[in-house]
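Given the structure of chain A, go ahead and fit chains B and C onto it with the hints provided.
Protein chains in written order, with my numbering: chain A, 1 to 345; chain B, 1 to 238; chain C, 1 to 502.
To be clear, the hints were calculated from the coordinates, so they are not data collected in a lab. Accuracy of the hints is not assured; some may be wrong.
Stated by the list, open to error - Some residues of chain A that are not near chain C, with every Cβ distance over 12 Å (derived):
hint, residue
1, Gly64
2, Ala159
3, Ala167
4, Thr173
5, Phe316
6, Glu324
Stated by the list, open to error - Distance condition first, Cα-Cα at most 20 Å in a straight line; then the derived PhoX-like pairs of lysine-lysine:
hint, chain 1, residue 1, chain 2, residue 2
7, A, Lys171, B, Lys37
8, C, Lys106, C, Lys246
9, A, Lys231, A, Lys206
10, A, Lys246, A, Lys189
11, B, Lys37, C, Lys446
12, A, Lys338, A, Lys189
13, A, Lys189, A, Lys171
14, C, Lys252, C, Lys289
15, C, Lys446, A, Lys206
16, A, Lys231, A, Lys246
17, A, Lys189, B, Lys37
18, C, Lys296, C, Lys106
We put the beta carbon where it would ideally sit given N, CA and C, even for glycine.
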Amino acid sequence: MNFKKYFVKSSVAVAVVAAATFSAGAALAECASDALPGEMAKPDGYPARALTMVVPYGPAGGSGQVAQAMAKAVSDLTGVSINRDHKPGGSGTVGMTAYMATPADGYTVLEHIDDAASAHALDSGRPNPSEALIPLVTSQITFSQIYIRTDEDRYTDWASFVDWVKAQDGKATIANVSKEGSMERVTMKFITDATGMQIQQISFDKGAPRYGALAGGQVDALFEQPGDVRKFLDAGKFKPILTILKEAPEAFADVPSLTDAGLDFEPLLRFRGFYVKAGTPDDRVAWLQWAFQKAFCEDSYQQYNESKFMNLIDSFRDTDGSKELITSTIAQYRDVYKQMGLEIK
Amino acid sequence: MSKLRTGHIVEVAFWLLLVLFFFVYSFEFNQDIEIYKYGAAMWPRAILLLIAIAAIGQLLDQRRNGDRSSSNTMAKAHEDSAQESDNSSLGWYVSTFILLAIPFIYMVLPEKAASLMSVTDIAPGEAGIGRVKIICAAVLFAIYLMFSWRNHVGAILALPIFFAALLEDMGFYALAPVFIVGIMILMGERRINRMAMIMPFLYGLLMLFFVKLLYVGLPTGNVRPFYDFGNWVVTLLQ
Amino acid sequence: METFNNFLGGTAALFGDPMGVLIFFGGVIGGMLFGAIPGVSMLTLAAILLPFTAHLSAEHGIMLFSVIYCTGVYGGAITAILFNIPGAPENAPTAFDGYPMTLQGKAGKAVGAAVMCSAIGGVVSCIIMMIATAPIADWAISAFGPPEIFALVFFGLAVAASVGAKTFWKGWLSIMIGLMIAVVGLDPVGGIERYNFDMPYLAAGIHFIPTILGFFAVSEIFVQAEKKATGSYTAPKLSVDFPTFKELWAHKIAVVRSIIIGFFCGILPGIGATLAAFMGYNEAARWSKDRMEFGKGKLEGVISSETANNAATGAAMIPLLALGLPGGALTAMMVGVFQMHDMEPGPLVFINSPDLVWVVFAAMFFANVSILLVGFLEAKTIVNLLRIPFQFLAPMILLLATVGAYAVRGLTIDVVVMFVAGVAGFFLRRSGYSVAGIVLGLILGKIGEQTFAQAMQMLHFEFTGFFNRPIALGLLIAGALTILGSIYGAFFKKQPVPASDN
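If we strip away everything but chain A, and leave its shape as in the complex, we get:
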């Protein structure tokens, strides 16, 4: 039995079901890369074989899922199959190291997230994703929120939460990730500094236990991105009390934004994108750029992004846009790290 054929079929079925569930439509009307041509000649027969996509995270998390959705979209568009190669560990550094050792022939591409930029900001020995790599597309950009349980009665919104936390004298808790200098931890620092509240962060390195801790009442609040806790939001178990953006997006219009809450700092974003190694022949890079940017507008990919709340703010950047985003992110993190007194290498 040929497994691959079967799995391709079944994933099509899954996509159809997904399309029915997430009332498709609205987001499909206009798409960022619609202007690109629908086909592009393969330069000198490249790619002559399947591409490999290195994913420096496991298949289950946000990166694993976006890699799967994008690989499927690119394959549907071009007919070139993509094998995903998951190399999880070390907060994405291990997969990056393995990727940097592969030949720059355009047959191996990389999925990575903003952690690559912040890692470079902290230690310039780590590859700079806008120089050592060529961004093909940034296909997900999202923001963070603070969540509480829906049935919580000690506080019900941001203002009452801040008051309650202050009254606890540093004993209130919030679940967060376990990486110093990460987007999540830096943002929490911004928030505590701006509000003057003291809150103990509890570190969880995996998503599921982090959400379980809030659901089970082990912690008082949770820091997360909306796409990752969508199930809990749809089920009415969690509710956001603060959106960490200057302006609230329409879908969360009734949740206070930074401006509404009177917090003054530049919000950090989570973004995921696809890269190829610098030094890859130009015509191959051009073909890959076309394929990945065009695939962003495939229906299956758009539906996936919608299901992860990735359609709430502009989630698309082409190569130049991605480089800009990465460069400004690195500069922003450098500033923050210096202020925090972290040692920058």
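For chains B and C alone, kept in the frame of chain A given last:
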């Protein structure tokens, strides 16, 4: 009355030296963590303390009771393979150590050699460093052969690690046939036509099952021509 | 009665769906096959299949893994008996008596007993699981936070340190080595790299699957190879002479005892099944009239260990489904399957998807039943592997293990780790330390440190906070008493003490 033997002293010394080494190394990462006052080094240090206590406890226990035949019923089963072998002289340990070190030398040598020989395109995966890696692997393999001639058991222990160390650069597809033959020879097989039959059979079986049927992505290697060979095999099968 | 109706519902859902039936039998045969091929194990199969489960429905994916779990634990017994290579740590005690039986030409009897006892232990355990999981889950959602889980891990390690190695001190040292290996990689609070020795790949930490493969499969090859090199290798004798019903009936008490031990140990996270097998074996030896015969090829040893580890399979599902705590390597991968479908194992599963739970329960029940039917057939075929000369079998096993180690995370460092563990295991086997203890320490070390840090953060770095959490406190005290008892035993008993006198 003391029932200690030299072996017991060596054992406790080994543990205490290990504890000391890891304790000293823990200062490398002894950073403060803003939200956790114990920092990154507390947990390993606590374990090291417990290891030290247990090692000393064991020494006291042995001083008092010697090597008790067993303290629970599973002891005998644990000794199933503990037959004394003649491979325990100092010379044997030294040559085994050298054999086992070869793979780890390979992990650091090519970069060092390349910078010495001023190979310019040192970026990993490029042609220059690729050639250096092939030369290093060949030289180390020759050294391996030299030592394995006299130390059969050491050779068996070291070959798989050497194979594993080469995997990232040379790839599974190219190395596996060599590895199969190597292990067969080390296990005492000498009939060439038998090996010539078995090797392609085992290799083919693995490839069909994992690559063709289950689509497992095995390492193709990063160094040419191994990289091209690995991809050729994958394309052929999939 | 409600339980029975739910079970019927699950059965109907399982066999009413052709795709489900296909996956069920695929899992049964795959688990047995991978469990029984030396060098790979059910863990290898699970690791290979993990990424593919994204394409299956959540129900099918989790059902597949639970079926592989049941049949794989049985399959691992076959390699333990025939080659002294336990398919998973929980099969290790099976090898203590099973392998000597093979050497004596009684492989068939041992394998036959393993088939019968695995099925019995598994079926009984499944029934208890179906009755007990839901009420435990209801209670656990708010009762078990990081402090309780840390206390449970501590208790588990304390018990594990007291069994399994030659002396208490060696058991303790073995566990501690495992805990130390678990420290390599990123720390669970700040993401700071520890003990990376300037090797970038070590930031990923050391995974338990290559370590298990190295300690058990690879080191066994090395031992056999050394025997070959020194000329003391003897090929195992082949037999397909199965035990009679009478022979098995004689051990009925051992079976019942092992089921009880297996089930209660199985509930402990991280070490459940392994501890169950060791304890089942230990107790059998302790209660036996001729305990000196254990380890020399006694059928009762195989029976007690195999019954206990299969009895633990159902029990291990309880902490997984009720608390989201994996009971071992395979259940840890099941967490991955859940997450791949955006679900979270834990009490919420019972609320959000009760149908899934009952399909899985039904599948596990029938997987254990099918061990009886397919197992005998398979056992007759698989013993023929012994006919393959060792010099051809060895490279195959080593390469299969290479694939198995690499497939988990796609990192070649894992293959290096596996072979280094193989060499370490080769030397450790001579010394009375427990490789199973090291593996336990490694698996539980990460959970232990993480939950300790979380507990301290939650309790504001005051140990007295444990006094307000009675469950955590009780487990901590039980663990401390276990350790003190063993230290007392180690210091103040002069005679070679069988565990029975403690």
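Checklist entry - Going straight from one Cα to the other, do Lys231(A) and Lys206(A) come out at no more than 20 Å? => result holds, 16 Å
Checklist entry - Any Cβ of chain C at or closer than 12 Å to Ala159(A), or is the non-interface label fine? => result Ala159(A) is indeed farther than 12 Å from all Cβ atoms of chain C, at 25 Å.
Checklist entry - Does Lys37(B) pair with Lys446(C) here, judged by a C-alpha cut-off of 20 Å? => result holds, 19 Å
Item to check | Restraint check for Lys252(C) with Lys289(C), where alpha carbons must lie at most 20 Å apart | outcome: holds, 15 Å
Checklist entry - Is Lys189(A) within 20 Å of Lys37(B), Cα to Cα? => result Holds: Lys189(A) and Lys37(B) sit about 16 Å apart, inside 20 Å.
Item to check | Proposed proximity, Lys37(B) with Lys171(A) (alpha carbon, max 20 Å) | outcome: holds, 15 Å
Item to check | Satisfaction of hint between Lys246(C) and Lys106(C), Cα-Cα up to 20 Å | outcome: Distance of about 16 Å is within 20 Å: holds.
Item to check | 12 Å Cβ clearance of Glu324(A) from chain C | outcome: holds, 27 Å
Next on the checklist: According to the definition I'm using, a residue is off the interface if its beta carbon is farther than 12 Å from all beta carbons of the partner; does Gly64(A) meet that for chain C?
Outcome noted: Answer for Gly64(A): violated, closest chain C Cβ roughly 7 Å.
Next on the checklist: Holds or violated: Lys231(A) and Lys246(A), Cα atoms, limit 20 Å.
Outcome noted: Not OK: Lys231(A) and Lys246(A) at ~25 Å, beyond 20 Å, violated.
Checklist entry - Straight-line Cα separation of Lys189(A) and Lys171(A) no greater than 20 Å? => result At roughly 16 Å apart (the allowed maximum being 20 Å), Lys171(A) and Lys189(A) satisfy the hint.
Checklist entry - Regarding the pair Lys338(A) and Lys189(A), is the alpha-carbon distance no greater than 20 Å? => result It holds: about 14 Å lies between the C-alpha atoms, which stays within 20 Å.
Checked against the numbered hints above, the structure breaks hints 1, 4 and 16 and satisfies the rest.
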